[in-house]
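Residue numbers (our numbering), protein chains in the order written: chain E, 1 to 236; chain D, 1 to 200.
Each hint should be verified, as a subset may be incorrect.
[Said to hold, decoys possible] Using 25 Å as the maximum straight-line C-alpha spacing, the simulated DSS-like pairs for lysine-lysine come out as follows:
| # | chain 1 | residue 1 | chain 2 | residue 2 |
| --- | --- | --- | --- | --- |
| 1 | E | LYS113 | D | LYS198 |
| 2 | D | LYS126 | E | LYS141 |
| 3 | D | LYS190 | E | LYS64 |
| 4 | D | LYS116 | E | LYS103 |
| 5 | D | LYS153 | E | LYS113 |
| 6 | E | LYS20 | E | LYS211 |
| 7 | E | LYS10 | D | LYS13 |
| 8 | E | LYS20 | D | LYS190 |
| 9 | E | LYS207 | D | LYS190 |
| 10 | E | LYS117 | D | LYS116 |
| 11 | E | LYS113 | D | LYS166 |
| 12 | E | LYS103 | D | LYS166 |
| 13 | D | LYS41 | E | LYS103 |
| 14 | E | LYS77 | D | LYS13 |
| 15 | D | LYS153 | E | LYS141 |
| 16 | D | LYS125 | E | LYS117 |
| 17 | D | LYS13 | D | LYS24 |
| 18 | D | LYS153 | D | LYS166 |
| 19 | E | LYS76 | D | LYS198 |
| 20 | D | LYS126 | E | LYS113 |
| 21 | D | LYS198 | E | LYS58 |
| 22 | E | LYS179 | E | LYS122 |
| 23 | E | LYS207 | E | LYS223 |
| 24 | E | LYS179 | E | LYS117 |
| 25 | E | LYS24 | D | LYS190 |
| 26 | D | LYS13 | E | LYS103 |
| 27 | E | LYS216 | E | LYS10 |
| 28 | E | LYS77 | D | LYS190 |
| 29 | E | LYS103 | D | LYS198 |
| 30 | E | LYS58 | D | LYS190 |
| 31 | E | LYS179 | E | LYS223 |
| 32 | D | LYS198 | E | LYS64 |
| 33 | E | LYS103 | E | LYS29 |
| 34 | D | LYS190 | E | LYS141 |
| 35 | E | LYS76 | D | LYS190 |
[Claimed, not checked] So, partial list: chain E residues that the calculated Cβ filter (under 7 Å) puts toward chain D:
| # | residue |
| --- | --- |
| 36 | ALA54 |
| 37 | LEU56 |
| 38 | ARG75 |
| 39 | PHE80 |
| 40 | PHE82 |
If you're looking for bench data, these hints aren't it; they were derived computationally from the structure. All C-beta atoms in this analysis are idealised placements derived from N, C-alpha and C, irrespective of residue type, glycine included.
In case you want the letters, here they are:
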Amino acid sequence: MENKIKIEIKNLNFSYDEEKYVLKNINLKIYENETVCIIGENGSGKTTLLLCIAGLLKYEGEVKIDGEIFNENLRKKMGFLFENPDDALFMPRVFDDIAFGPKNFGFEEERIKEIVKESLEKVGLPGFEERVPHHLSFGEKKRIALASIISYSPEILLLDEPTLALSPVSKENFLKLIKSIRATKIIATHDLEVAVETGDRVVLLNKGTIKKVWNKSEVKSIKYLKNFLLKEPGER
Amino acid sequence: MKHHFIDDFAYKKGFLQRVDTGLKVILLILLLLCVLVIPEKVLFYIPFIILTFLFLIFSKIPFIYFLKRILIIFPFLLVLFSLSIFKENGLRIFLFSFLKSLISISFVFLFVMTTKMTALSEFIKKLPAGFLISDIFSFLYRYFFLLQDEFEKMKRAMISKGKNPKLKDYALLSGNLFIRSYERSERVLKAMISRGWKIK
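Next comes chain D alone, as it looks inside the complex (with noise of 0.2 Å):
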């Protein structure tokens, strides 16, 4: 089945993908509070504008896909911030905070779309308790497609039986996939085990 990585741009020789994966959390930090800081006038915004277009160019990643990427946060954002709209001032609330969090957003998705996973999840590793995290992390990213995968698997089993799945479907499939999901996790714990793993 074919899968769309978060970051299938971290394989690729760019700019970004250079960057240490500590120094990179680093600067993101960095820039997400400048963001946040920087006040509201137009020309301040313009700045980093430049720079998520600069990330863009050197860390190789197309325009489009990067759109596309953002483009699906933006009802949230939208819906988010419609409602400062109906205070005094209100659009003006609305714009800046809307381009604060496109800006923002746009950061964290060129930091994730050019860090491989593994490297971001070492580094969780070195944090106090990151170990914990870092597991966490690495489940989650190793059975994500997985999952999407037997969705995908009974979906298509559904279809092929006729039944093109509504709502209810929907949600039937995701009980399914809870079980499933459960019986997995126990031949995981088994394996584990079986490699010397101890419960801590």
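Excised from the complex, chain E in its bound form (with noise of 0.2 Å):
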């Protein structure tokens, strides 16, 4: 792993109504190529982390992007994979959904094309060009989504509950997919699978602070996180 500081986060905090902190203090330094993986109990506030980073929400505080504070030139370095995915899905063909993000970015219209069957080559969906999105399965969907983002090769990947709802043999398909992608990681999940599979390190979010980040050697298996998860927090 480089040493190289892809993503500098210092004393972020984010409120929807100015009293309730859904994040507080957030410090976290994500190194160039690492995954980070962000575990925590439903409503901890990894999703919203995930926005903050990608600059979708206002927040108090900073987030640097290769030493940059973000600034709107900055999104093309990063992909954001949504939880549902008819929510990134929303152009009438798979195309033009692909298309969406380097069109926007200033592909040029002939390398946008191959850029599209790439894409779909890459998430094992050749020929999906002219399907529409209503006729997919979840897991269609999913990669799909995840091929309407890497499709302008962002350098950061922010990914939110990457393998939810999945069956088991399309979860594991879809996390060698993300395995294979080389870029900065981070992932917001439930499941502790992926956190030990895929994080180079893992993050704990507990009430909107971080409580606890292990590097990957000391995250030993998926029954040592799930123990320290079930202790009291007094305990931990």
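Make one complex out of these two single chains by using the hints.
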């Protein structure tokens, strides 16, 4: 793993109503090509943290990408995979959905056609260009949603519950696919198997604050993580 | 969930399916204009009825399927033109207005059934200010089925909890659907922005 800092989060706070903070004083450095998994209870702030990093929510504090404070020009460096693929597939054809990002980021028309083809091949769904999203299975939608972000080759992937509601076989294949993509990855997940298998580091978020950060060597097994989570907060 | 897509037959190989979308739009407009100006004599309507049947046969659309679709609008037409019966020569006006509308709607249905929605959206995009209409049209087509699914899921959940939905329950479900749609629109907007879309 290289040691270049890719994402630096400093004193990040976020609240929806300016009273109750969903994220409190988050400080985290994420290195280039590292995979960081964020685990935690429902409502602990995992998705909100990803949305803040992606610049999709206004927050207090600082998020730096490659040493630069977040700005619109940095958007191209990031790909956000939403929990529900129906939120991310909004165009009438698969082709248009995958081409959406490259078009907005100024890729040339001819190159876009090649990109769409390549992206579909990468996610194992070649020839799906003309399909319409509501004809697809949930697993296929997830893959197309992933294709729609890898199409513009982002350096950072923000993945929100990537394996949620997938069958064991689909989950296995999807994990392989995610692992094969070279990028800095932040994965918000409930699935401890995903955290153990893919994470170089695992971050535990509890009520909007970082409670613990494990390195790969420290995360021994799913059972270890599960037992830790089952302990009362005071015993941890 | 099983859906009936309005453009189901667009994916079959038939005569109207092969015609270019732009040409089809022009053809449709011409046919509608012709129907509008034909004199009120039964003989003049026969070629249009024959043409409808020929389109059905050569575009491989089953007649019963087509009839079921057309029957949906029957009550509306009946209500719409029934008032004309009370006028002088009312029955004649009613019959010919009904026939004109029926033929026109048959052509529109044939056109819609044999045109891929994506192709239609692409065609609209080429028109002046078409990108906006095309975007609205695309979203409508994309999310209509999703809303239908969500509505069905809520309805099933209600039934599973022992409540057979009545009119006021449908109002409740619709209200709930509206909130869900609003929330989804927020998430879709975030997905669009994350992929470089800018509010114009």
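Outcome of the hint check:
1. The hinted pair formed by E:LYS113 and D:LYS198 meets the criterion: a straight-line CA distance of about 22 Å does not exceed 25 Å.
2. Pair hint D:LYS126 plus E:LYS141 does not hold up; C-alpha atoms about 29 Å apart against a cutoff of 25 Å.
3. Taking the CA atoms of D:LYS190 and E:LYS64, the gap is near 20 Å; set against the 25 Å cutoff, the hint holds.
4. At most 25 Å may separate the alpha-carbon atoms for a hinted pair to count; D:LYS116 and E:LYS103 meet this at roughly 23 Å.
5. Straight-line distance between C-alpha atoms of D:LYS153 and E:LYS113 comes to about 37 Å, which puts the hinted pair past the 25 Å bound.
6. This hinted pair checks out: E:LYS20 and E:LYS211 have alpha carbons roughly 18 Å apart, not beyond 25 Å.
7. Taken as a hint, the E:LYS10 and D:LYS13 pair is broken in the structure, with Cα atoms around 60 Å apart against an allowance of 25 Å.
8. For the hint linking E:LYS20 to D:LYS190, the alpha-carbon distance of about 23 Å falls within 25 Å, and the restraint holds.
9. Pair hint E:LYS207 plus D:LYS190 holds up; C-alpha atoms about 24 Å apart against a cutoff of 25 Å.
10. For the given pair, E:LYS117 sits about 21 Å from D:LYS116 by alpha-carbon distance, which is consistent with the 25 Å threshold.
11. For the hint pairing E:LYS113 with D:LYS166, the CA-to-CA distance comes to about 50 Å; that exceeds 25 Å, so the pair is violated.
12. Annotation: proposed proximity of E:LYS103 to D:LYS166 is violated, straight-line Cα distance about 47 Å (limit 25 Å).
13. At roughly 55 Å between alpha-carbon atoms, D:LYS41 and E:LYS103 are farther apart than 25 Å, so this suggested pair is violated.
14. Simply put, E:LYS77 and D:LYS13 have alpha-carbon atoms about 43 Å apart, too far for the 25 Å limit, and the pair is violated.
15. A hinted pair counts as satisfied when its Cα atoms are at most 25 Å apart, and D:LYS153 with E:LYS141 qualifies at roughly 19 Å.
16. Restraint check for D:LYS125 and E:LYS117: satisfied, since their Cα atoms lie roughly 23 Å apart, inside the 25 Å limit.
17. Of the supplied pair hints, the one linking D:LYS13 and D:LYS24 holds, its CA atoms being roughly 16 Å apart against a limit of 25 Å.
18. A threshold of 25 Å between alpha carbons decides the hint, and for D:LYS153 with D:LYS166 the separation of about 16 Å falls inside it, so the pair holds.
19. The suggested pairing of E:LYS76 with D:LYS198 holds, with an alpha-carbon distance near 13 Å, which does not exceed 25 Å.
20. A C-alpha spacing of about 20 Å is found between D:LYS126 and E:LYS113, which places the hinted pair at or below 25 Å, so the restraint holds.
21. Only pairs whose Cα atoms come within 25 Å are accepted, and D:LYS198 paired with E:LYS58 is accepted, the gap being roughly 17 Å.
22. At most 25 Å may separate the alpha-carbon atoms for a hinted pair to count; E:LYS179 and E:LYS122 meet this at roughly 12 Å.
23. At roughly 22 Å between alpha-carbon atoms, E:LYS207 and E:LYS223 fall within 25 Å of each other, so this suggested pair holds.
24. Restraint check: the Cα-Cα separation between E:LYS179 and E:LYS117 comes to about 21 Å, which is no more than 25 Å; the hinted pair holds.
25. About 22 Å separates the Cα atoms of E:LYS24 and D:LYS190, which keeps this hinted pair within 25 Å; it holds.
26. Our distance criterion of 25 Å between C-alpha atoms is broken by D:LYS13 and E:LYS103, whose separation comes to about 32 Å.
27. Straight-line distance between C-alpha atoms of E:LYS216 and E:LYS10 comes to about 23 Å, which keeps the hinted pair within the 25 Å bound.
28. Our distance criterion of 25 Å between C-alpha atoms is met by E:LYS77 and D:LYS190, whose separation comes to about 16 Å.
29. Distance hint between E:LYS103 and D:LYS198 is fulfilled; the C-alpha atoms sit about 12 Å from each other, no more than 25 Å.
30. For the suggested pair E:LYS58 and D:LYS190, the alpha carbons sit about 12 Å apart, so the restraint of at most 25 Å is met.
31. Between E:LYS179 and E:LYS223, the direct Cα distance comes to roughly 22 Å. Compliance with the 25 Å bound is thereby established for this hinted pair.
32. The straight-line distance between the Cα atoms of D:LYS198 and E:LYS64 is roughly 21 Å, inside the 25 Å bound, and the hint therefore holds.
33. Proposed proximity of E:LYS103 and E:LYS29 is contradicted: the alpha carbons are some 31 Å apart, above 25 Å.
34. Taking the CA atoms of D:LYS190 and E:LYS141, the gap is about 18 Å. The hint holds against a cut of 25 Å.
35. Simply put, E:LYS76 and D:LYS190 have alpha-carbon atoms about 14 Å apart, close enough for the 25 Å limit, and the pair holds.
36. At its closest, the beta carbon of E:ALA54 sits 6 Å from a beta carbon of chain D; the interface hint therefore holds under the 7 Å criterion.
37. Hint on E:LEU56 holds. Least Cβ distance to chain D is approximately 5 Å, under the 7 Å limit.
38. With a cut of 7 Å, the hint placing E:ARG75 at the interface with chain D holds, because the nearest CB-to-CB distance is about 6 Å.
39. Interface restraint check: E:PHE80 against chain D, minimum CB-CB distance 4 Å, threshold 7 Å, status holds.
40. Of the supplied interface hints, the one on E:PHE82 holds, with its beta-carbon coming within about 6 Å of a beta-carbon of chain D, less than 7 Å.
In this structure, the hints that do not hold are numbers 2, 5, 7, 11, 12, 13, 14, 26 and 33, in rising order.
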